[in-house]
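Engineer: Starting from the structure of chain A, add chain B where the hints point.
Here the protein sequences come in this chain order: A and B. Heads up, this note's numbering is the position in the first sequence plus 422, with the first residue counted as 1. Heads up, this note's numbering is the position in the second sequence plus 165, with the first residue counted as 1.
All clues stand as given, with none of them false.
Dumping the calculated DSS-like pairs for lysine-lysine here, alpha-carbon to alpha-carbon at most 25 Å:
(1) A:580 - B:273
(2) A:553 - B:358
(3) A:553 - B:197
(4) B:263 - A:560
(5) A:553 - B:266
(6) A:553 - B:263
(7) B:262 - A:553
(8) B:319 - B:283
(9) B:276 - B:224
These are computed hints drawn from the structure, not numbers from a lab.
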Amino acid sequence: MKSLVVAFAILFPLLGHSAPTTSAKVPPVTPAEGESWLAHIHRNFDATSMGKTGHLGPPAPMPGENSVPWHMEISPGFASQTRHLHGFDVYRLDCRGCHTESGQGAPPEINSVIEPVRSTSVPIIRERMQKRGMEIGKADATVLANQAGDALLLRFHKGGQNMPAFSQLNENEIRALLAYLKQLSGIPGAEKSQVAIDESPYRVGELLVKSTCHVCHGAVGPNPNPEQIAGGAIPPLSTLASRAALPEFVRKVTAGAPIVMGSPALPCRGRMPVFDYLSQDEAADIYLYLTLYPPRP
Amino acid sequence: MKFKAFVLTVVTAASCSAAWAGDIDGKVTASKGKSAVYVEAVAGKTFPAPKDQPVLDQKGLMFVPQLLVIQEHTTVQFLNSDNVQHNVFWPSVGGDKKAAKNLGTWPKGDKRPFTFDKAGVVPLFCNVHPDMAAYIIVSPTPYFATTDDAGNYKIKDVPDGSYTVTAWHEGAKSQSKPVTVAGGGKADFTLSK
Chain A
423 MKSLVVAFAI LFPLLGHSAP TTSAKVPPVT PAEGESWLAH IHRNFDATSM GKTGHLGPPA
483 PMPGENSVPW HMEISPGFAS QTRHLHGFDV YRLDCRGCHT ESGQGAPPEI NSVIEPVRST
543 SVPIIRERMQ KRGMEIGKAD ATVLANQAGD ALLLRFHKGG QNMPAFSQLN ENEIRALLAY
603 LKQLSGIPGA EKSQVAIDES PYRVGELLVK STCHVCHGAV GPNPNPEQIA GGAIPPLSTL
663 ASRAALPEFV RKVTAGAPIV MGSPALPCRG RMPVFDYLSQ DEAADIYLYL TLYPPRP
Chain B
166 MKFKAFVLTV VTAASCSAAW AGDIDGKVTA SKGKSAVYVE AVAGKTFPAP KDQPVLDQKG
226 LMFVPQLLVI QEHTTVQFLN SDNVQHNVFW PSVGGDKKAA KNLGTWPKGD KRPFTFDKAG
286 VVPLFCNVHP DMAAYIIVSP TPYFATTDDA GNYKIKDVPD GSYTVTAWHE GAKSQSKPVT
346 VAGGGKADFT LSK
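With the rest of the complex left out, here is chain A:
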């Protein structure tokens, strides 16, 4: 109950506010909608590496045991603060859940981003050919590099058979992301071209939900009971903000927390990966976004 009061105290001042003014380049924040990506491609949660960070929360405490201590450290007034991000953060919010911190993904299901990005660099293309004992002119290498760049952008916009489209990314975010992908892929000099962008907290929440959470969580649907959760049901996005108050939600996302499941219903470790690379403020941004922009069918 106390948590709920805290959440309302944080969110209430915002409820009467509209989203920040948008320009033609920055589309408005919109609710998440539709089935999860895994449902869309008919893939079972247990048969995928998508969204799996490799970390689970702590085991549920045995009767009489204390749970692992955890402290909420959300910035005061987080809901009205601008987030100063770089391409590194755009990658973290949008890509890392599947492609991992290194960009290598989980082949063969999730491809590495590294080589497709390196293929956009003229010096790298020429160096590769030189190593093979074959020269390639700068003009020809430039055509190849541009084609690889176009293919990469098309991939963001249209996705693929296994990868969703990231049409939610705006031009500024894509520019920042591309700059970081080049740095991650070891393209010489890329570290000097990193782009900073400012985002609202609900935009950060929107990106995280649409790019990461929505991979496994559908937008709407019935709130599963403990028995259904034990059977593999994944609660839809529309139920998340009501299943847990803000602090519990933030803890669940960033550190992991037991979930009540099974019959009889008991606290268990659960199957949800822990997103320990997100800050508590960013997890709170998800909560804020899901509250202010309720998911739609």
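Structural biologist: Relative to the frame of chain A, chain B by itself:
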């Protein structure tokens, strides 16, 4: 008598025609993988363009096959069977950089045709996936073969005559040998760097 002469002519012609062509076979000893063997151009002899259009697929982030031997003027269909975009380019044909070509980058299911009018070795690459590489060997004659994994080959139905036969293997120096076909011919090669 006239009839007897006619029968003799037909029998002679038939037996001669059987002896006018044969297979060239042998073995290519080289490092791991298949080799290509083909008959070099024959002076004053041209061959009609083949109608078959072999498919060179990109599947599982690999070119399939890794070695394709074709006759000059063959159209190859470059297919992408992967879920990712692929590119196909070659920096030269037979070492001639002017014959370099970038076919572009295209998605799953699409095919791009290209007719190889120049004989020589075509090293194929995908710029998006630099680990992908393959070779097309464009033979100036319709007499060519790909070896099996052990290096054995058979070039079928080569008309009787004298030829130069060339063997190619990735990373090795190609080797040419004169071969006389008289109802058949034989040539073994040992290729190294």
